[in-house]
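Fit chain B to the known structure of chain A by using the hints.
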Amino acid sequence: MLEPSGLKINLNIHKYFLSVLSLLFLLITWQALAVYLDSSTFPMPVLVAKVFWQACVTGQLPYHLGMTLLRLIVSFSIAMLFGCAMGIALGRNRKLDAFFDNWLVIFLNVPALVTIILCYVWFGLVESAAILAVVVNKLPNVIVTIREGTRALDQDLMDMARCYRLSKRKILLEIIWPQLHPFVMGATRSGLALIWKIILVVELLGRSNGMGYQLHLFFQMFDVASILAYTLAFVGVIQLIELLILKPLDQHALRWRR
Amino acid sequence: MSAIKIDILNKRFPGVGEATGHLVIENLNLTINPQEFVCLVGPSGCGKTTLLNIIAGLDTDFTGEISVGQVTKKSKIGVVFQNPRLLAWRTVRQNIELVQERFQNAELIDELLDVMQLTVFQNVYPERLSLGMSRRVALIRAFAVNPDLLLMDEPFVSLDAPTARQVRDLLLLLWEKRPHTVLFVTHDLREAIALADRLVFLSAAPMGFVADIKVSIPRTERNNEQAIEEFRQQLMNEYPAIKQLI
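For the protein sequence lines, the chains are A and B, in the order given. For the first sequence, counting from 1, position 234 maps to 1041 in our numbering; every step adds exactly one. For the second sequence, counting from 1, position 104 maps to 919 in our numbering; every step adds exactly one.
If we strip away everything but chain A, and leave its shape as in the complex, we get (with noise of 0.2 Å):
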């Protein structure tokens, strides 16, 4: 019989194994259609994999998908920003929800390629239109997010804080924050997933870099081996920004769990 910690090992070597294999999996599916199909629009795996390398080597895909993470950044903070001061304005306020839901509803409900072709339309082809058609965008996903996080906050809590009169700093940094944490992650990962899908658009209508322009490059030139190596830095980068910024932030605010 193995040893609890010993066990726990074995068994997380049993899960990476698992997914290295069905990673395998995929790319042997993938260089088999390829072979099968042999097609320009379908290339194979080391195709991809060299047309990667010579994007890497030539700067011209760290420097796209460097414009395109700029962007996400500013445009991802702005939106997360405001998106939670007002959730939290809208949950704590009935008159101001009231008054302002039907604005969120329309918000929501505008198609994505509105704003931006607005946004362009009446700030010209600048950066800070791009920036703001994504805000626009994720705003008010943010907003209902946080609202309905806010609306739950724990009223017993609340009148503990009020009894014992602590500051409104406290309130909000000990209090309120903390409840709402996985509102904010939730609205975070749901938020990167939609800002991806906007930014492309955004870049391919109006910017002359980032990823989005240069898959719109691509696409003219029929260049499928390029599409998928800028998708697959792509996939990588997300990896990353969940594995070594969005992972620790959970494992540290959930830390009090049993």
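Check before you lean on any hint, since a few could be wrong.
One side only, chain A facing chain B, incomplete, derived with CB under 10 Å [what the hints assert, rightly or not]:
#1 L964
#2 M967
#3 A968
#4 Y971
#5 R1065
Across the chosen pairs, the derived CB separations fall in these ranges [unchecked claim]:
#6 A:K977 to B:I1032: 41 to 49 Å
#7 A:E955 to B:S973: 29 to 37 Å
#8 B:A1019 to A:R996: 47 to 55 Å
#9 A:L1056 to B:N938: 20 to 28 Å
Bear in mind the hints are in silico, worked out from the structure with no lab data behind them. Predicted model, so just to flag it, every value in this text is computed and none were measured. Each residue gets a CB set at the ideal place from its N, CA and C atoms; glycine is no exception.
Leaving out everything else, chain B in the frame of chain A:
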């Protein structure tokens, strides 16, 4: 801190839809003198918690008036709720330090933790504590602010008998050392007699005033079970109305 004057004409919880609602308190007049230890005794569900919430300023939806005297920004209120209400994401010690807003007093916390036998648990998250331990943390939290007004809502429920006795002694010790107004809600008459200067008996909903009795047992005799039992018997005989409440 001056006297607390309670004058509630009525307090009603709104009904759902067509229902008329539920009248919780009707015509309650009560004055609590500064530095007095008052026990509110009444049957379960009579609105004692609602009354405490009103005094604490948490519930302002009632007809009547409450004057808590010179409650300035400086005067401190300590509250022990029926449930512990600890922050699950803060350790025991952080939970206590949280309420010591401008006057960190680590010594006092150490002392209280020691008396409550929680020193070894001070860096533990509340989810790992039993209910009785969490209640003791909530008590420490209330004592740690050096309150001018201490509101306690059945604080010793779910403590085992020896611990309850110990905490009761501590409460009295702290109160004698630094006199402050205490409002203590309970439905345990013996506990009330052992602690209070004054007993206020309240009727079942709608809550009203039944009797106001000074406890004549001297403070030194409060550990004497027999004296307390005698006083209780005497109460029952003199005020038959109380019998129905207990």
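These are the hints, each one checked on the structure:
{"no.": "1", "hint": "L964", "verdict": "holds (6 Å)"}
{"no.": "2", "hint": "M967", "verdict": "holds (4 Å)"}
{"no.": "3", "hint": "A968", "verdict": "holds (9 Å)"}
{"no.": "4", "hint": "Y971", "verdict": "holds (4 Å)"}
{"no.": "5", "hint": "R1065", "verdict": "holds (5 Å)"}
{"no.": "6", "hint": "A:K977 to B:I1032: 41 to 49 Å", "verdict": "holds (42 Å)"}
{"no.": "7", "hint": "A:E955 to B:S973: 29 to 37 Å", "verdict": "holds (33 Å)"}
{"no.": "8", "hint": "B:A1019 to A:R996: 47 to 55 Å", "verdict": "holds (52 Å)"}
{"no.": "9", "hint": "A:L1056 to B:N938: 20 to 28 Å", "verdict": "holds (22 Å)"}
Of the numbered hints given earlier, the model fails none.
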